[in-house]
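Enquirer: Can you build the whole structure from these sequences, using the hints too?
Sequences listed follow chains X and A, in order.
No gaps in the numbering here: position 179 of the first sequence is 179 in full-length UniProt numbering, and each next residue is one more.
No gaps in the numbering here: position 81 of the second sequence is 81 in full-length UniProt numbering, and each next residue is one more.
To be clear, the hints were calculated from the coordinates, so they are not data collected in a lab.
Fair warning: this is a prediction, and the values are worked out from it, not measured in the lab.
All residues carry an ideal CB built from backbone N, CA and C; glycine is no exception.
Be aware that a few hints might be false.
To be verified - Think about it this way: if two alpha-carbon atoms lie no more than 25 angstroms apart in a straight line, the pair counts; the simulated DMTMM-like pairs of lysine to aspartate or glutamate are:
hint : chain 1 : residue 1 : chain 2 : residue 2
1    : X       : 75        : X       : 130
2    : A       : 14        : X       : 15
3    : X       : 117       : X       : 168
4    : X       : 201       : A       : 46
5    : A       : 78        : X       : 54
6    : X       : 205       : X       : 119
7    : X       : 35        : X       : 97
8    : A       : 77        : X       : 131
9    : X       : 203       : X       : 95
10   : A       : 72        : X       : 116
11   : A       : 77        : X       : 168
12   : X       : 60        : X       : 89
13   : X       : 153       : A       : 65
14   : X       : 58        : X       : 30
15   : X       : 110       : X       : 214
16   : A       : 77        : X       : 98
17   : X       : 203       : A       : 22
18   : X       : 35        : A       : 28
19   : X       : 75        : A       : 22
20   : X       : 115       : X       : 99
21   : A       : 62        : X       : 119
22   : X       : 159       : X       : 116
What the hints assert, rightly or not - So the derived label-pair ranges between C-beta atoms look like this:
hint : chain 1 : residue 1 : chain 2 : residue 2 : range
23   : A       : 60        : X       : 142       : 25 to 33 angstroms
24   : A       : 5         : X       : 61        : 45 to 53 angstroms
25   : A       : 7         : X       : 235       : 51 to 59 angstroms
26   : A       : 65        : X       : 33        : 38 to 46 angstroms
27   : A       : 74        : X       : 213       : 35 to 43 angstroms
28   : X       : 159       : A       : 56        : 41 to 49 angstroms
29   : X       : 175       : A       : 70        : 31 to 39 angstroms
30   : X       : 170       : A       : 47        : 53 to 61 angstroms
31   : X       : 75        : A       : 43        : 39 to 47 angstroms
32   : A       : 79        : X       : 235       : 19 to 27 angstroms
33   : X       : 174       : A       : 60        : 16 to 24 angstroms
34   : X       : 73        : A       : 79        : 53 to 61 angstroms
Claimed, not checked - Now the stretches of chain A that chain X is said to cover, found in silico as 3 or more residues with beta-carbon under 8 angstroms:
hint : stretch
35   : 45–54
36   : 68–76
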Amino acid sequence: MSNLRILVATKRVVDYAVKIRVNAAGSAVETANVKHSMNPFDEIGTEQAIQIKEALAKSKAGTAEVVVVSCGPSKSQETLRTALAMGADRAIHVDSDEELQPLAVAKLLKAVVEKEKPDMVILGKQAIDDDSNQTGQMLAGLLNWPQATFASKVELGDKSMTVTREVDGGVETVKTPLPAILTTDLRLNVPRYASLPNIMKAKKKPLAKFAAADLGVDIKPRLQTLKIAEPPKRQGGKLVESVDDLVDKLKNEAKVL
Amino acid sequence: MSTPTRYRVIALYKQLSYLGREYPAGADYFHKKLKGAFMKNKDLSDPAEIQKRIDLGDYVCKEIEAMYHINKYRAMKKRYYEDAGADNIQAKLENTNWAQGGGSSATSSSPRQ
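Expert: Here it is, written out as structure tokens:
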């Protein structure tokens, strides 16, 4: 294995710890003045790429370059800086203020892949905001590359990788030639926390910016969001006066008797 | 504070202060505690003792990072893999001896992983 180039796709999403609120019109989730961070599954993907790079450097078997890419508004650059602080080498920002659906992102990533010619593309299995779980699979389809999704373990071989996948009720091990698509599951690794000096150093790492329109890709949304609603509120418990009262409530209100 | 460890201590303080921004009990709470802990030891002069405190600080850094990771991991697990919890409840229900209707206990449909 000589020189690998690993492309990692990341997404800026509303932070996992934030309570999600629907906007007044019921058309979207409130994102103004809300803390954002990198999608946790993309963090795992970035960590995996960096681990591969470090393992190659340690064994002196070759080198790897980790390129992170993010599609979205200019604030996505924060996410890219986080990835750079974790240890990625350089970043690409595909700028677009429009709503990007999984198909559009997959097409944009395809254009980036054709430019960068990576040996592996790592994506989080899904983003925690829209939970689509489609981008990696669509990208594999568009590129006609093999895909290993929901990875919980990755071993790199010579021009191939062996991936343990999390499937219903167990695990499955697949081997694929490179180049290939990898999407990460929760148990793949423990993402590192960027140290303060590394965050400072990340500010000097190269970050290329493309406008989505310049990549010559049709990013028009194909799906229309009709309505977004919060889950029903949990109703509080009630105190009952007596056994008769309880039986009556179970019969007439809960209708379980 | 002697000069050799001065920058080391300041770097440690900055790193902890940075980590504290996401502290569950609030950044202000964390910062007060952090400042108190550092001020308490401001008059230390024995190099060995200072080193011990720095090591303790590094250890606390690691602990906080681990805590953040666990919090995030648990949140993800709860959101997307919550069957683990449901399994336990179902197992408990099945192990409970109900006075009546024991035969009607529904066979557990195998939950998705």
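Enquirer: Please go over all the hints and tell whether each is borne out by the structure.
Expert: Going through the hints against the structure:
Proposed proximity of residue 75/X and residue 130/X is supported: the alpha carbons are some 18 angstroms apart, at most 25 angstroms. Only pairs whose Cα atoms come within 25 angstroms are accepted, and residue 14/A paired with residue 15/X is accepted, the gap being roughly 23 angstroms. For the hint pairing residue 117/X with residue 168/X, the CA-to-CA distance comes to about 33 angstroms; that exceeds 25 angstroms, so the pair is violated. For the proposed pair residue 201/X and residue 46/A, the alpha carbon gap of about 33 angstroms is over 25 angstroms, so the pair is violated.
Restraint check for residue 78/A and residue 54/X: not satisfied, since their Cα atoms lie roughly 31 angstroms apart, outside the 25 angstroms limit. With a C-alpha separation of about 22 angstroms, the suggested pairing of residue 205/X with residue 119/X holds against the 25 angstroms cut-off. Pair hint residue 35/X plus residue 97/X holds up; C-alpha atoms about 18 angstroms apart against a cutoff of 25 angstroms. Taken as a hint, the residue 77/A and residue 131/X pair is honoured in the structure, with Cα atoms around 14 angstroms apart against an allowance of 25 angstroms.
About 19 angstroms separates the Cα atoms of residue 203/X and residue 95/X, which keeps this hinted pair within 25 angstroms; it holds. The straight-line distance between the Cα atoms of residue 72/A and residue 116/X is roughly 32 angstroms, outside the 25 angstroms bound, and the hint therefore fails. A C-alpha spacing of about 15 angstroms is found between residue 77/A and residue 168/X, which places the hinted pair at or below 25 angstroms, so the restraint holds. A threshold of 25 angstroms between alpha carbons decides the hint, and for residue 60/X with residue 89/X the separation of about 18 angstroms falls inside it, so the pair holds.
For a cut-off of 25 angstroms, the pair hint linking residue 153/X to residue 65/A stands: about 23 angstroms separates their Cα positions. As the CA atoms of residue 58/X and residue 30/X are separated by approximately 45 angstroms, the hinted pair breaks the 25 angstroms bound. Annotation: proposed proximity of residue 110/X to residue 214/X holds, straight-line Cα distance about 14 angstroms (limit 25 angstroms). For the proposed pair residue 77/A and residue 98/X, the alpha carbon gap of about 31 angstroms is over 25 angstroms, so the pair is violated.
A threshold of 25 angstroms between alpha carbons decides the hint, and for residue 203/X with residue 22/A the separation of about 21 angstroms falls inside it, so the pair holds. A threshold of 25 angstroms between alpha carbons decides the hint, and for residue 35/X with residue 28/A the separation of about 17 angstroms falls inside it, so the pair holds. Note on residue 75/X and residue 22/A: the hinted pairing holds, with a Cα-Cα distance of about 20 angstroms set against a maximum of 25 angstroms. Annotation: proposed proximity of residue 115/X to residue 99/X holds, straight-line Cα distance about 23 angstroms (limit 25 angstroms).
Between the alpha carbons of residue 62/A and residue 119/X the distance comes to roughly 34 angstroms, so the proposed pair goes past 25 angstroms and is violated. Using a Cα cut-off of 25 angstroms, the hinted pair residue 159/X and residue 116/X holds, with the two alpha carbons roughly 18 angstroms apart. At about 47 angstroms, the CB distance of residue 60/A to residue 142/X disagrees with the hint of 25 to 33 angstroms. For the hinted restraint 45 to 53 angstroms between residue 5/A and residue 61/X, the CB-CB distance of approximately 39 angstroms leaves it violated.
With their beta carbons about 57 angstroms apart, residue 7/A and residue 235/X fall inside the hinted range of 51 to 59 angstroms. In this structure, residue 65/A and residue 33/X break the distance hint of 38 to 46 angstroms, their C-beta atoms being roughly 27 angstroms apart. Against the hinted window of 35 to 43 angstroms, the Cβ-Cβ separation of residue 74/A and residue 213/X comes to about 41 angstroms, which satisfies the hint. A beta carbon spacing of about 47 angstroms between residue 159/X and residue 56/A agrees with the range 41 to 49 angstroms that was offered as a hint.
Between residue 175/X and residue 70/A the beta carbon distance is about 33 angstroms. The supplied range of 31 to 39 angstroms therefore holds. At about 55 angstroms, the CB distance of residue 170/X to residue 47/A agrees with the hint of 53 to 61 angstroms. The supplied range of 39 to 47 angstroms is met by residue 75/X and residue 43/A, whose beta-carbon atoms lie about 45 angstroms from each other. A hinted range of 19 to 27 angstroms holds for the C-beta pair residue 79/A and residue 235/X, which are about 22 angstroms apart.
In this structure, residue 174/X and residue 60/A break the distance hint of 16 to 24 angstroms, their C-beta atoms being roughly 41 angstroms apart. Between residue 73/X and residue 79/A the Cβ separation comes to about 25 angstroms, which falls outside the hinted range of 53 to 61 angstroms. Beta-carbon proximity to chain X at under 8 angstroms applies to 0 residues in the stretch 45–54 of chain A; the threshold of 3 is not reached and the given coverage is violated. Counting residues of the stretch 68–76 of chain A whose CB falls under 8 angstroms from any CB of chain X gives 7; the rule of at least 3 is met.
The structure shown violates the earlier hints numbered 3, 4, 5, 10, 14, 16, 21, 23, 24, 26, 33, 34 and 35.
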